[in-house]
Amino acid sequence: MPPVTPVHYLFLSTALFTIGVIGVLTRRNVIIILISIELIFNAVNINLVFFSSLFASVSGQTFAIFVIVAAAAEAAVGLGIIIALYRNKETVNADEIDLMKW
Amino acid sequence: MVLHDLFFYILAAIILGGGILTITRRNAVHSAIFLVMTLIGVAGLFLHLQAEFLAAVQVFLYIGGITVLFLFVIMLVNLDEAAKQRQFNRQWGLALGCVLLLVAELGYFLYQGKDSFSFAESSGALLQNNTQEIAMSLYRDYLLPFEIASLLLLVAIVGAVVMAKKQI
Chain A
2 MPPVTPVHYL FLSTALFTIG VIGVLTRRNV IIILISIELI FNAVNINLVF
52 FSSLFASVSG QTFAIFVIVA AAAEAAVGLG IIIALYRNKE TVNADEIDLM
102 KW
Chain B
5 MVLHDLFFYI LAAIILGGGI LTITRRNAVH SAIFLVMTLI GVAGLFLHLQ
55 AEFLAAVQVF LYIGGITVLF LFVIMLVNLD EAAKQRQFNR QWGLALGCVL
105 LLVAELGYFL YQGKDSFSFA ESSGALLQNN TQEIAMSLYR DYLLPFEIAS
155 LLLLVAIVGA VVMAKKQI
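Taken in sequence, the protein lines are chains A and B. Residue numbers for the first sequence follow the working numbering, beginning at 2 and rising by one. Residue numbers for the second sequence follow the working numbering, beginning at 5 and rising by one.
Where hints are given, some of them may not hold.
[What the hints assert, rightly or not] Residues from chain A shown here face chain B by an in silico Cβ test under 8 Å; the list is partial:
no., residue
1, G24
2, E39
3, L80
4, G81
Source of the hints: derived by calculation from the structure; they are not laboratory data. Even glycine gets a Cβ: it sits at the ideal position worked out from N, Cα and C.
With the hints as constraints, model all of the structure from the sequences given.
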């Protein structure tokens with residue numbers, strides 16, 4: 002087991018970010034796309050908190066709080082949109098919502 | 005420091021395992037439950053990095069708030085139909101290829117530059133009184149962003165209510 006170096010945290014955060022992006026780009030269910038966006042937010046938070054602890058400066062943690070606030074706002078509005086969409090189109094599949102497709 | 009390292013590896017396994025299970029499950033409720041697993045792993049990692057306040061915020065806000073919101077919407081929206089259909093869209097091969105290219109690139113550059121991350125080791129005792137430090141930072145240095153965030157939340161509340169209303 003190799004000792005944990007700073008780059009390990011960056012690899013972890015990159016891997017979580019990638020999992021989130023794969024979820025956003027490949028899934029059809031809109032709710033799971035929103036859940037994947039939460040994974041991406043968490044990857045960013047890991048980076049912010051890690052560098053905050055590495056440099057012993059609390060600013061990174063403050064920014065992580067703002068990221069969490071943005072995530073909460075995004076989830077509330079996104080889920081409201083999903084409910085409105087389901088009421089109008091009776092589907093939660095992202096590729097069936099193609100009203101603006103050329 | 006072996007215990008410290010072991011803790012990191014266990015938490016990384018929880019986070020990544022939970023993430024992979026989150027995006028592959030057919031049932032959206034299972035996805036939300038595995039999202040909770042990932043979030044708990046991230047909260048543990050915050051504790052590991054001595055960010056106790058953020059670990060608590062993560063548990064209260066993410067696990068207690070956002071995930072419950074997701075579960076409510078999953079129950080409001082009938083997902084039985086969607087669970088029987090195809091789960092991945094038609095471009096999934098192309099999307100996966102592009103993302104793997106992206107991760108290869110990111111991993112390569114991180115690996116190449118890994119020596120530049122070896123800063124002076126933090127003493128570990130500098131962020132004592134974590135909550136107090138964050139409060140000072142939030143209400144003194146970042147007061148304007150804090151107020152803007154409160155405005156953002158107000159707009160999001162109004163927006164969510166308007167979106168979910170039956171008649172706009």
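Q.
Quick check on the hint: G24 of chain A CB to chain B CB, less than 8 Å?
A. At about 3 Å, which falls below the 8 Å cut-off, the nearest Cβ of chain B leaves the hint on G24 of chain A intact, so it holds.
Q: Would you settle whether the hint for E39 of chain A is holds or violated, based on the nearest Cβ-Cβ distance to chain B being less than 8 Å?
A: holds, 6 Å
Q. Once the shortest beta carbon distance from L80 of chain A to chain B is found, is it less than 8 Å?
A. Holds - the Cβ of L80 of chain A comes within 8 Å of chain B, reaching about 5 Å at its closest.
Q) Holds or violated: G81 of chain A as interface residue toward chain B, Cβ cutoff 8 Å? A) holds, 3 Å
In terms of the numbered hints stated before, the structure departs from none.
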